[in-house]
Structure formats: C-alpha cells, structure tokens
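Residue numbers (our numbering), protein chains in the order written: chain Z, 1 to 79; chain X, 1 to 79; chain V, 1 to 146; chain L, 1 to 146.
Calculated from the structure, these hints are not laboratory results. The C-beta atom is built at its ideal place from N, Cα and C for all residues, glycine as well. Keep in mind that a hint or two might mislead.
[Stated by the list, open to error] The calculated SDA-like cross-link candidates involving lysine to any residue, where the alpha carbons are at most 25 Å apart (straight line), are:
1) K117/V / S8/V
2) K125/L / S25/Z
3) K117/V / Q59/X
4) K39/Z / S25/Z
5) K71/V / H40/V
6) K125/V / D100/V
7) K117/L / D100/V
8) K125/L / E20/Z
9) K39/X / A26/X
10) K117/L / L22/V
11) K125/L / E104/L
12) K39/X / K71/V
[As the list claims (entries may be wrong)] Derived DEER-like restraints, expressed as beta-carbon distance ranges:
13) H118/L / S18/X: 22 to 30 Å
14) F47/L / A16/V: 23 to 31 Å
15) E49/V / P3/L: 37 to 45 Å
16) G84/V / R63/X: 30 to 38 Å
17) H118/L / Q20/V: 24 to 32 Å
18) S6/V / S25/L: 24 to 32 Å
19) Q20/V / G34/X: 39 to 47 Å
20) R19/L / E56/Z: 28 to 36 Å
21) F57/X / E62/L: 42 to 50 Å
[What the hints assert, rightly or not] Here are a few chain Z residues that face chain L, going by a calculated C-beta distance under 7 Å:
22) F8
23) S9
24) I10
25) D55
26) V71
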Amino acid sequence: MNLSIAWFSILREQAGCSEESVETSAITASELYGQMRAKHRFTLAQGSLRVAINDEFAQWDDRLAPGDRVVFIAPVGGG
Amino acid sequence: MNLSIAWFSILREQAGCSEESVETSAITASELYGQMRAKHRFTLAQGSLRVAINDEFAQWDDRLAPGDRVVFIAPVGGG
Amino acid sequence: MMPRFSISETPLLGDALRRQVLDPSAGGFVCFEGWVRDHHEGRTVEFLEYEAYEALCCRSGEALIARAMEKFSLRQALAVHRTGRLGIGEMAVWVGVSSDHRREAFQACEWLIDRIKHDLPIWKKETFVDGSSGWVNCERCAAHAA
Amino acid sequence: MMPRFSISETPLLGDALRRQVLDPSAGGFVCFEGWVRDHHEGRTVEFLEYEAYEALCCRSGEALIARAMEKFSLRQALAVHRTGRLGIGEMAVWVGVSSDHRREAFQACEWLIDRIKHDLPIWKKETFVDGSSGWVNCERCAAHAA
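Turn these sequences into a full structure, and let the hints guide you.
Here it is in structure tokens:
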C-alpha cells in the first residue's frame with residue numbers, strides 16, 4: 001500500500017528529505033520503521049522514538065491503512 | 001523624651017493623622033503602644049502588631065531613645 | 001546599584017520591568033503579577049487601596065531579593081508594588097526572576113511573592129459595591145479584640 | 001474558539017500574549033518564558049534551531065491547556081512556541097496563565113511548561129561557537145544505538 005511519511009529533525013537530516021511517499025508491505029508502524037531505518041541508515045533505534053499516524057500519537061503495533069500519514073518522533077528537547 | 005510616630009492603614013484612620021510627635025514616659029515600644037492605644041482608642045491589641053524603630057523591625061521590649069521614629073505595623077494584606 | 005525592590009504610585013508596566021531582568025546567561029524567566037480581581041469571598045469588589053510603609057518596605061524588600069538570588073542561584077530579580085487606589089484588573093504587584101534553569105525561577109518567584117505578601121508592611125483596603133469597606137486582616141482581628 | 005496553543009515562526013511578543021489572558025476575575029497571573037542562553041553544559045552556544053511537527057503540537061498543546069484549565073481552575077491560559085533559528089536572548093517559548101489565586105497559577109504554569117517540553121514534538125538543535133552542532137537528546141542516544 002501507499003503511505004506518506006513526514007520527517008523531522010535528526011530523521012529529516014538523515015533521510016535527506018522532509019516528506020516522502022512510500023509503497024510498503026509493512027503491516028504495522030513498527031515494521032515500517034524497520035524498513036525505513038534500513039533504507040535511510042537511521043542511527044536511532046525504535047525504542048527511543050514515538051510514532052504518530054494522521055497527526056495523532058499511535059502505538060507501534062497499530063495497523064497501517066492506505067493513505068496514512070506517518071511521523072516518527074525522535075527524542076524531543078526536554079529540559 | 002520626644003519621639004515621632006508614623007501611622008499607617010487602620011491605625012492612621014483611627015488616630016486621625018499620619019504622623020505625630022509625642023512626649024512620652026514610655027521606656028519600651030510595648031509601653032508606648034499601650035499609651036497610644038489608650039489615647040487613640042485603637043481596636044487592635046499589641047499581639048496582632050509588629051513594631052519598627054528607625055525603619056527597622058524591632059522587638060516590643062526594645063528600649064526607646066529620644067528622636068526615635070516608631071511605626072506600629074497592623075496585620076498586612078497577606079494572601 | 002539599581003534598587004531591586006520598589007514602591008510605585010503609578011501604574012506598573014510589565015514589559016518595561018521585564019527588560020530589567022534580561023540576561024544572556026538565563027534560560028528561564030518567571031514572573032508573577034497580582035491583579036485586582038472583581039470578587040472576594042463571594043462579594044463584588046469595587047476598588048482596592050494599597051498603602052505602604054515605604055522606607056521599611058524597600059529595605060526589607062531588597063534583603064528578600066538578595067536572599068532569593070543567593071538561595072535560588074538567580075541571574076536577575078526585580079519586584080515592584082503599587083500603592084494608591086486601584087480598579088479591577090489593575091496590577092498591584094510584579095515579581096520577575098531569571099535563572100539558568102526554569103525550576104529555580106519558579107521556586108524563587110513563588111518564594112518572593114509569598115515573602116513580600118507576608119513580611120512587608122503593605123496594607124490593602126477593600127471597598128465593595130455595596131459601599132462597605134475594610135482593611136484586610138485588620139477589621140476582623142480588631143472585632144475579636146474589641 | 002481562538003487557539004490556546006500555537007507555533008510561531010516569528011518573534012514572540014510577551015506583552016501582546018499577556019493581554020490575551022487578562023480576566024477581571026483573576027487575581028494572579030504567572031508566566032514563563034524560555035530564553036536562548038549563551039551556555040549549555042559548559043560550552044558556549046552560538047544559536048539554536050527549533051523545529052516542530054505543527055499539526056500534532058497544536059492538537060496535543062490544546063489538549064494540555066484544556067487539561068490544565070480544568071485541573072487548576074484557571075481563568076485563562078495560553079502558550080506559544082517559536083520555531084526557526086534563534087539567537088542568544090531570544091524567546092523560545094511563552095506560557096501564561098491567570099487564576100483567582102496565585103498558588104494554582106504557579107502550579108499550572110510549571111505543569112504546562114513541563115508537559116510542553118516533555119510531550120510535544122518540538123526539537124532543538126544547538127550550534128556552539130566551536131562550530132559543532134547537534135539535536136538535543138538525539139545525538140547521544142543515537143551514538144549509544146550505533
């Protein structure tokens with residue numbers, strides 16, 4: 001299925017783009033991050049990220065649907 | 001001895017003046033308040049007040065000296 | 001040295017006060033403003049009057065601010081209290097502090113306004129729309145003493 | 001309804017934001033400003049860059065403010081976060097709340113800035129005068145993961 005992903009901060013820099021459209025076999029957000037990490041050689045492991053689907057925080061095992069907009073959220077500034 | 005007293009807030013209203021010069025036999029701030037309370041019919045008892053001598057917080061049994069400027073401090077707004 | 005605590009008979013301007021606590025090494029700024037609100041214990045307030053024993057306020061206020069700067073490692077701190085008649089919505093007091101980290105700024109600002117309200121000789125008289133009025137914390141204890 | 005949380009690419013003006021939380025029934029106002037400071041962990045900062053995932057920030061930010069207003073009985077509350085490149089002394093975030101009593105205003109303001117910094121997808125990249133730079137909290141865990 002086809003999805004869009006928006007990249008921010010360190011992931012944007014490592015992906016080299018702000019937004020991409022992907023054709024993927026991934027069923028869950030977790031699988032999608034695995035594929036993207038391999039593709040873009042992200043340094044961050046899934047355990048340090050959060051994920052949002054269609055502008056809402058989501059769970060890693062949430063199932064993806066065609067046309068979903070996915071954002072992987074690297075650790076924020078905090079303090 | 002001669003002293004000056006400045007009156008604020010409820011004491012100013014009850015004394016009917018902001019400042020007065022008094023000739024007193026009082027040895028301590030406590031005695032002076034007793035005399036002033038009788039003179040001006042203040043409703044506030046000494047226990048609810050603080051006292052300052054020459055613009056510094058003082059103790060009730062501090063001895064007064066000629067020319068001292070005394071202020072009796074009614075309860076403040078707080079909260 | 002510029003005074004860090006003062007009493008003002010004219011309206012307080014938060015923006016001008018804030019500029020005095022700017023500091024390139026500060027990462028956090030917290031300010032408190034006390035506003036005249038339209039109600040007190042269920043009654044409708046018309047206006048307030050503040051009266052201060054200025055010489056002692058300034059002396060004690062400076063000491064409080066110096067203590068807060070030391071205790072909370074502040075970069076800058078400033079406080080001003082209004083006197084005179086204030087209508088609803090007017091600013092009665094402004095306290096602003098800046099520090100490297102926000103935690104200390106929050107603690108210091110709250111500590112300062114608590115101490116200012118508790119320690120300094122500043123009195124507040126309330127006038128209600130029903131025409132009654134009284135010095136806060138004075139009338140009730142006076143009634144008990146009487 | 002006016003948004004209570006927003007992201008701004010242009011400089012924040014505290015005085016204009018403050019006017020939006022005025023309320024005749026509020027007796028206390030507390031605001032927090034986060035400023036870009038010139039040092040971090042002993043190193044000299046040249047500038048910061050903030051990047052936000054705006055749609056999620058606004059949705060989550062509104063929810064945080066609504067929760068704070070309920071939890072702390074606030075009269076008004078507002079928060080804005082800057083994005084883009086900020087020099088030393090610039091304001092990165094403004095959070096202001098008004099309430100009947102000051103205690104709730106302090107608690108709410110601190111709770112809000114804590115939650116904003118912890119929960120919302122806003123990233124900070126530091127650039128130091130020595131030319132090095134990095135995304136705060138990302139580079140170190142990335143190094144560990146690598």
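We went through each hint and held it up to the structure:
Pair hint K117/V plus S8/V holds up; C-alpha atoms about 16 Å apart against a cutoff of 25 Å. Taken as a hint, the K125/L and S25/Z pair is broken in the structure, with Cα atoms around 33 Å apart against an allowance of 25 Å. Straight-line distance between C-alpha atoms of K117/V and Q59/X comes to about 21 Å, which keeps the hinted pair within the 25 Å bound. Simply put, K39/Z and S25/Z have alpha-carbon atoms about 14 Å apart, close enough for the 25 Å limit, and the pair holds.
The straight-line distance between the Cα atoms of K71/V and H40/V is roughly 34 Å, outside the 25 Å bound, and the hint therefore fails. Between K125/V and D100/V the CA atoms are separated by roughly 38 Å; this puts the pair beyond 25 Å, and the hint is violated. Proposed proximity of K117/L and D100/V is supported: the alpha carbons are some 16 Å apart, at most 25 Å. A C-alpha spacing of about 23 Å is found between K125/L and E20/Z, which places the hinted pair at or below 25 Å, so the restraint holds.
Proposed proximity of K39/X and A26/X is supported: the alpha carbons are some 14 Å apart, at most 25 Å. For the given pair, K117/L sits about 22 Å from L22/V by alpha-carbon distance, which is consistent with the 25 Å threshold. With a C-alpha separation of about 33 Å, the suggested pairing of K125/L with E104/L is violated against the 25 Å cut-off. As the CA atoms of K39/X and K71/V are separated by approximately 45 Å, the hinted pair breaks the 25 Å bound.
At about 54 Å, the CB distance of H118/L to S18/X disagrees with the hint of 22 to 30 Å. Taking the beta carbon of each, F47/L and A16/V are about 27 Å apart, inside 23 to 31 Å as hinted. Between E49/V and P3/L the CB atoms are about 39 Å apart, so this pair conforms to the stated range of 37 to 45 Å. The hint said 30 to 38 Å for the Cβ distance between G84/V and R63/X, and at roughly 36 Å that hint holds.
Range check, H118/L to Q20/V: Cβ separation about 31 Å, and the 24 to 32 Å hint holds. At roughly 28 Å, the beta-carbon separation of S6/V and S25/L lies within the given 24 to 32 Å, and the hint holds. At about 45 Å, the CB distance of Q20/V to G34/X agrees with the hint of 39 to 47 Å. Separation of R19/L from E56/Z is about 32 Å and conforms to the stated range, judged on CB atoms against 28 to 36 Å.
A C-beta distance of roughly 49 Å is found between F57/X and E62/L, which places it inside the suggested range of 42 to 50 Å. Look at F8/Z: its Cβ gets to within about 5 Å of chain L, closer than 7 Å, so that hint holds up. Residue-level restraint check for S9/Z holds (minimum Cβ-Cβ distance to chain L is 4 Å; threshold 7 Å). Satisfaction of the interface hint for I10/Z is found here, the shortest Cβ-Cβ separation to chain L being roughly 4 Å, below the 7 Å cut-off.
Interface hint at D55/Z: satisfied, since its Cβ lies 4 Å from the closest Cβ of chain L, which is below the 7 Å cut-off. Evaluation of the V71/Z hint against chain L yields a held restraint, the C-beta minimum of about 6 Å falling below 7 Å.
Of the numbered hints stated above, those contradicted by the structure are hints 2, 5, 6, 11, 12, 13, listed in ascending order.
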